[in-house]
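Protein chains: 2
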Amino acid sequence: MSDVRKGQVTIPSDQDFFDATKTLIDKWGADAIRDSDGTKLDPELKTLSMKFYSTYFVARGHNEFAASHPAAVQQLYLMSERVVAYTPTLTIGLMAGYYDQQIQPNWRDNPKTYWEVIDRTTGMVVKPADWTVDEASQSVQLSAAIPFHEYTVSFLADMLWDPTEMYNHLTNNWGDKPHDIPFDVRDPAARDFIQSYLKQWLKANPEIDVVRFTTFFYHFTLVFDQHAREKFVDWLGYGGTVSVAALKAFEQIKGYRLRPEDFVDAGFYNSTFRPPTQRYLDYIDFVQRFVTDQAKILVAMVHSADKEAMMFLGDNWIGAEPYGPYFKEIGLDAVVGSVGSGMTLRLIADIPGVKYTEGRFLPYFFPDVFRPGNDPVIEARANWLTARRALMRKPLDRIGYGGYLKLAAQFPHFVDYVAHVTDEFRDISDKIADTIPYSSLKVAVLNGWGKLRSWQSFIVAHGKRYEQTYSYEGVLEALAGQPVDVMFLSFNDILATGIPADVDVMINVGSVGTAFSGGDIWQEPRLVTLIRQWVAAGHGFIGIGEPTATAQPYQGRRFQLADVLGVDQELAFSLSTDRYWDQPMGENIAWITKDLTLDFGTGTPNLIAVADAQYLRYGREQLRMTVKDYGAGRGVYIAGLPYTLDNARLLLRAMHYAAHKESILMQNYATNPNVEVHVYPGKGLYAVLNNTHDKQNSELFLNGKHTVVELEPDEIRWEREPQ
Amino acid sequence: MSDVRKGQVTIPSDQDFFDATKTLIDKWGADAIRDSDGTKLDPELKTLSMKFYSTYFVARGHNEFAASHPAAVQQLYLMSERVVAYTPTLTIGLMAGYYDQQIQPNWRDNPKTYWEVIDRTTGMVVKPADWTVDEASQSVQLSAAIPFHEYTVSFLADMLWDPTEMYNHLTNNWGDKPHDIPFDVRDPAARDFIQSYLKQWLKANPEIDVVRFTTFFYHFTLVFDQHAREKFVDWLGYGGTVSVAALKAFEQIKGYRLRPEDFVDAGFYNSTFRPPTQRYLDYIDFVQRFVTDQAKILVAMVHSADKEAMMFLGDNWIGAEPYGPYFKEIGLDAVVGSVGSGMTLRLIADIPGVKYTEGRFLPYFFPDVFRPGNDPVIEARANWLTARRALMRKPLDRIGYGGYLKLAAQFPHFVDYVAHVTDEFRDISDKIADTIPYSSLKVAVLNGWGKLRSWQSFIVAHGKRYEQTYSYEGVLEALAGQPVDVMFLSFNDILATGIPADVDVMINVGSVGTAFSGGDIWQEPRLVTLIRQWVAAGHGFIGIGEPTATAQPYQGRRFQLADVLGVDQELAFSLSTDRYWDQPMGENIAWITKDLTLDFGTGTPNLIAVADAQYLRYGREQLRMTVKDYGAGRGVYIAGLPYTLDNARLLLRAMHYAAHKESILMQNYATNPNVEVHVYPGKGLYAVLNNTHDKQNSELFLNGKHTVVELEPDEIRWEREPQ
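Chains as they are written, first to last, in the numbering used here: chain S, 506 to 1228; chain F, 506 to 1228.
The shape of chain S in the complex, shown without the other chains:
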């Protein structure tokens, strides 16, 4: 690491911390300083030749405005608890399970018009004439309920407290600091306020170089319960974008009217796991169009003030999804987001239509990690090695850190490690930022969301691990750092325009009925026919978990492409059919799994091999993998794939096997799964990565030439192309 170049690094700072900050700027080669929610910068810092970022909140933090414009408050549709009627008279309390400091029913807009009472036992909407509201008790009364039916009320609610500010407020005990009331840019007064306030702010802050929008107008769906605990969280949820004005505008633009149930969705609130309905897709499009139009006004103002506009990827980002069709129009210079994995790095780094991307690395400088006796280097090292794999495929333009710099400075070993990271980052960036890495094949991840939610499959709350998703998320994490091109396709995409000609392998991964596996769209004959034909023509199809599955078996199959994958799932109905597990592991599976220690995670129960597939049984003798020839193509099935280095290698080999590209894989390859090879033909360079904290030896094939390598812990070794 002889490189001494500086730059591409953003750090936070603190008040009364000027000299120490200067030292760290030097050590880490930082060229930008950011503030954070709750920190103020030392005025002396402004004397340095650095870029300055300022966090900017568009639609909160102005309670003087919000309080005087109560109708401009942000809103969402909520479902009451489910209440069983014991008699025809039934009272449903709206606020049961909600936090009254965050949520209040909207009594301004006529409940009879904008609310819905639903009989959840029949699915029928109760006639408005059959219920009344009582504002004093915050409840709805039914007069002709059917005994022992369950009822819910879907009501429009005001959101009186920005959820992120609320979380920070409660977590940091900010006491009687007023609650940030979020206001809705769709309200004309709010729109005027937002624009005029920014105008004035830009004038008042000439020293700021980068306006870091945190974020724009609408928070992802985040609702708290009566104990002020998180109750519902969907990082991708559009719940908080609704209002009477939005409903009216939608009707005018899209030509039909949405119902409360289109938002409430029986209590699932259009979770990203739900196969999106056309109505919800229409609504997303409608909000994206509107947010784009409003955001681009603000960005233009920033540019007019000779500043850059940066968007934080999170919090109030709804409607500004970076892979959406209108995003580029906003005209942002940059997007910054938190890097917790290779997958989240790619989510940021791959964003099209911006000048640069920045990743905030872990750990955040907070007392939970930076406490006496703890070694923050452990998390930093894991974070860097996980993210570095992905960086080798698509480098971020900048990296950074957040939190309290004073805390981090107390850990000299950590300060040194960050110096190593920033130097290594710049070195990688210098070598490969302007070149295209070699890919041995092109992979399409096929699900209900496609490109819009690139690298975002299975996310509930950013960075949290879920028992029901980790066995699927591993697929994206593996792909994030592999020498393959990755694209995301939706079912609608391929039904509309077919499978792109350059795709070698498609992957369908997820659990039955979800947007990621697909749900009942697999009963669409055109879909299965298209894929069968494409596979038979010589391509590869990989299913993981419950791919191509319908909740009910359809025409005798649960996996609708069982014929391609060589596997189906029993639902007890087929127990009468005998299964014979008398085949040895097939040679094709042996090739794919060679020398790997496999972990199928939560796996998938009750699998059966069909159509003469080769199969692998593992663990409690359950079926875990199948491979199958299908025409000139191949199907591969894997029961689950949590992220491990061995599992990543399993996927890489499976993809090359499925695509009939085994020999191409072996051209540039490390036999040790802890070691990965990346090739940069434009530079004549190879990178050999040790992805572990231990020494690793490996046989190596570079340009087909065999050699061996011994790598230090964490090492990245650059090699010139062998002749």
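Please keep in mind that the hints were generated in silico from the structure rather than gathered at the bench. Careful: at least some of the hints might be erroneous.
[To be verified] Ranges between beta-carbon positions, derived for each pair:
#, chain 1, residue 1, chain 2, residue 2, range
1, S, T1002, F, G968, 38 to 46 Å
2, S, H918, F, D1117, 46 to 54 Å
3, S, D605, F, Q1127, 41 to 49 Å
4, S, K956, F, K617, 47 to 55 Å
5, S, E972, F, Q646, 28 to 36 Å
[Unchecked claim] Interface residues of chain F toward chain S, partial, derived using beta-carbon atoms under 7 Å:
#, residue
6, R625
7, T626
8, D767
9, F778
10, R779
11, P780
12, Y943
13, H967
14, S1016
15, P1030
16, R1031
17, T1034
18, Q1057
19, D1068
20, F1078
21, L1080
Since the model is a prediction, treat every value here as computed from it, not as a measurement. Think of the CB as a built atom: it goes at the ideal place given N, C-alpha and C, for glycine as much as any other residue.
The hints should help you fit chain F onto chain S, whose structure is shown.
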């Protein structure tokens, strides 16, 4: 065991084994001798004052008739393999995967009328004009197949070999012994033959006392594959009852025509796990009516010959289901069946409408168990203790053994053990055969089959254990020997006539979508309303596994009675909703599970507690039980319940808890779960059973009076009612 009374015991015998048989008759107190498939009795036996049973095959074993009446052969509908079309021309071989010595396509009846080619990608039937048949190659040709659609042919096939005879033939290497061709009583010639042959046989066999029908006309569905291995087995399947004559008769009687798909059912063949369609229920009724009419003719002939008619419960028993509505009309004297468990004992012992029941105990005298170095007492003891619990509730009238008596006689320790069993059986029978045991509550098992398949839930092949069923079957096994009245109710029963007034607790147990859990019938508002109302009025509802579940969530719930049970199942859609596992185990669950070691089997994944239920997490911290008050009643949920003595106790406590009958349970109770108490008020007797092979101590409550007991291994202790 001072009783020296003989009787109520049937044994097999052998040729050249007269004296040894006499000794065993004496030792075991046998009063009846049976032959078996493959054994011949010693003529001298006939001199003894015993009853003689003769196995009698009605519809096979007469190849001279069968060969001369090829159209009378038994038939079934089969589905070809699923074949993908690569081009519009597609050939589907009918015999792929079938055993040509068992199965041949029926070319006599016009395929264009009686077969169906189905596009399994669309579910559409292909027009007969678009396919042709080729008898020489046993195949069907499509001329206008849609490329990359999957097709199947449903064809009518002849069954050329009785499946049970085939199994015995292949297993015992009977070589070139001709294959028994089954013929169909629906054919007028076959009917005449069957009746006239029986008439002649009855005359020719005056020494036979009991005609043991093995069985009547139609074998349960049992098909073999191209390697002569079992391919499809459904002990309850009506697949082998069909023919053109049957189809025509059905249409005349029921007023509509069945399709091949009504039998083939996309390859599931109406497995007992499928929620029965009305068409299949109609067909079952139609076959039962016909079989009853034909069987009662034969039984009347037996009676005219002054013999008894006994039916073997199995093999060719289809249409003569003992819990069916017409069964009693057959006029049988007895039913005999194999006892592998408490559940199968009750299946036989509870049969209504016969003079006596007989259970064949294990082990069967075959060389697999009776081999040098093996101790057959191990299996005999386990079998007896498992069955004895159930016998205490509803005694069989007779017990017996089968196989080669010569083999058993070589194991003197086993001979002694059977003497113990037969004596203990007669002692129990003497004490309780004519009295009604005390029941502390009445339990109804609620599923799609109801009374028709009493004690037959989850059976695929008689006596086999399946990974997907053992966690549910344990419920019936537990109930079989518990001091509760058990009845079986179908959804249609309670929709038609409500829940019987004397039921205290209903149990719904099984996996989602099956006949046992129920499937989509749970979307019927009347069903859930009826049960909610009933529970709220003070009754108990117990769900085990995936009770009340629909494959797709309906109105936000997967378990449609989640409100009663306090539990629902996640399908990823609700991951956005936070779950807080911060409650300690509730006192109600603590009461139910007191001192028990629990085993939830395969359990049920992704459960969530709802509606303020008390819950239990167990094992890998998964939710495993909930209890909930519901009006004046209670719901209890258990994730799975394989049969163990502790689990049986768990169920017993849960039922009494659900029914608010905790104090009644404790009136007659052993605190040690290995010990069970039965009360016979009419006799003033208590039986205290040690269900294990170890000594057991227990506190005991008899008539509410506390005492302690120490029991020898396997002991049954009789006590007079304490005053």
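In rising order, the numbers of the hints this structure does not comply with: 1, 3, 5, 8, 11, 12, 13 and 16
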